[in-house]
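Number of protein chains: 2
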Amino acid sequence: MDQVDYKILSLLHENSRIPMAELGRIIGMTQPAVKERVRKLEEQGVITGYHAAISLPKLGKNTTAFVMFRTKKCAAFIEFCRQSPEVTDMYRISGEYNYMLKIVTETTEELVAFSERCGEFGYSYTLIMLTAPFEHKMTIEPPIAETAEPWSN
Amino acid sequence: MDQVDYKILSLLHENSRIPMAELGRIIGMTQPAVKERVRKLEEQGVITGYHAAISLPKLGKNTTAFVMFRTKKCAAFIEFCRQSPEVTDMYRISGEYNYMLKIVTETTEELVAFSERCGEFGYSYTLIMLTAPFEHKMTIEPPIAETAEPWSN
DNA sequence: GTTGAAAAAACAGAGGA
DNA sequence: TCCTCTGTTTTTTCAAC
Chain S
1 MDQVDYKILS LLHENSRIPM AELGRIIGMT QPAVKERVRK LEEQGVITGY
51 HAAISLPKLG KNTTAFVMFR TKKCAAFIEF CRQSPEVTDM YRISGEYNYM
101 LKIVTETTEE LVAFSERCGE FGYSYTLIML TAPFEHKMTI EPPIAETAEP
151 WSN
Chain D
154 MDQVDYKILS LLHENSRIPM AELGRIIGMT QPAVKERVRK LEEQGVITGY
204 HAAISLPKLG KNTTAFVMFR TKKCAAFIEF CRQSPEVTDM YRISGEYNYM
254 LKIVTETTEE LVAFSERCGE FGYSYTLIML TAPFEHKMTI EPPIAETAEP
304 WSN
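Heads up: the protein sequence lines correspond to chains S and D, in order. So the first sequence is numbered by this note's numbering: it starts at 1 and just counts up by one. So the second sequence is numbered by this note's numbering: it starts at 154 and just counts up by one.
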């Protein structure tokens with residue numbers, strides 16, 4: 001993993017459908033060389049997939065909420081959430097509430113309905129998302145830049 | 154937006170680097186027809202981008218946390234977060250705490266450092282993410298399936 | 001939406017620093 | 001080991017229908 005790999009990751013994170021040849025043009029390499037690096041990054045599990053981002057409002061999904069949940073039936077609750085299409089993200093967290101869920105629905109009615117279906121697993125509170133100033137903002141750069149060695153300070 | 158469009162969205166969400174021709178093979182259409190549908194979905198803003206998913210642990214980012222924040226300096230705080238590489242997601246939420254941040258760092262020390270830099274904007278509490286059973290699980294399907302009309306119940 | 005030809009990109013192998 | 005070069009295959013693009 002050198003500077004070039006980080007640059008590739010950054011560019012693919014920005015646009016995963018960019019042709020390998022153009023990637024090569026940007027970083028100053030031929031297409032097969034870039035492709036080989038990408039192949040290795042995939043093999044090593046650094047790149048885990050390529051996904052299209054889809055506008056939720058355009059799909060009629062106008063309600064996003066976060067549910068903080070306290071349960072003792074962890075395995076069953078995880079399975080329940082996995083099979084609920086409303087739940088897009090599930091995190092185990094520290095604190096009294098041991099799970100946080102991100103819920104995406106068309107209306108607030110659906111959110112309430114989901115919340116009620118959760119009742120049997122424990123207790124919770126819900127935070128409605130009002131706006132998202134930004135999401136998935138990843139800054140991909142080498143841990144220690146070669147242009148700023150520690151001993152140069 | 155018909156059934157075919159939803160199928161295209163679903164497949165591109167799964168793998169955004171799939172060739173248009175293979176997409177066509179799956180849904181029973183020629184490559185130019187699929188491409189034209191994808192172009193329209195992009196134009197309409199239904200597809201907002203194509204992104205490579207990158208393993209955070211492989212980049213040495215081993216700490217993820219959620220910070221619930223209360224501030225009165227909203228504009229300044231948004232700008233501060235936007236420019237902080239640790240902050241990957243920022244949500245305005247209902248409740249006493251008006252923002253929730255997702256923070257990704259290499260170590261917990263960096264998380265603490267970030268938290269202290271936030272001090273001037275308001276008060277907060279932090280939840281450490283322990284595990285993520287799943288993330289970005291989007292179920293893309295038409296609002297009303299043609300095979301299950303309301304009047305058939 | 002389909003067909004078909006031209007352009008571009010991806011792929012696979014040989015060879016060089 | 002990592003890259004370039006080159007020929008072949010696949011995909012994309014862009015007409016006309």
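There's no promise every hint is true.
What the hints assert, rightly or not - Not the full set, but computed from the structure, chain S residues with beta-carbon under 7 Å of chain D: (1) 10; (2) 16; (3) 20; (4) 38; (5) 47; (6) 49; (7) 52; (8) 95; (9) 135; (10) 137; (11) 142.
Calculated from the structure, these hints are not laboratory results. Quick reminder that beta carbons are idealized off the backbone N, C-alpha and C, glycines included.
* At a threshold of 7 Å, is the proposed contact between residue 38(S) and chain D supported by beta-carbon distances? -> violated, 9 Å
* Does the CB of residue 49(S) sit less than 7 Å away from some CB of chain D? -> holds, 4 Å
* Agreement of hint residue 16(S) with chain D interface, Cβ distance less than 7 Å -> holds, 4 Å
* Are residue 142(S) and chain D close enough, Cβ to Cβ, to be under 7 Å, as the hint says? -> violated, 9 Å
* Asked: If you take the shortest Cβ to Cβ gap from residue 52(S) to chain D, is it below 7 Å?
  -> holds, 4 Å
* Asked: Holds or violated: is there a CB of chain D closer than 7 Å to the CB of residue 135(S)?
  -> Hint on residue 135(S): holds, closest Cβ of chain D at ~5 Å, below 7 Å.
* To do: Hold the hint about residue 20(S) up to the distance rule: shortest CB distance to chain D must be less than 7 Å.
  => violated, 10 Å
* Classify the hint on residue 137(S) as holds or violated, based on whether any CB of chain D lies nearer than 7 Å to its CB. => holds, 5 Å
* Asked: Minimum Cβ distance from residue 95(S) to chain D below 7 Å?
  -> With Cβ-Cβ at 5 Å, under 7 Å, it holds.
* **Status of the hint placing residue 47(S) at chain D (closest C-beta pair under 7 Å)** => Cβ of residue 47(S) sits 5 Å from chain D, so the hint holds.
* **Hint status (Cβ of residue 10(S) to nearest Cβ of chain D, threshold 7 Å)** => violated, 9 Å
The structure fails to meet hints 1, 3, 4 and 11 from the earlier list, while all remaining hints are met.
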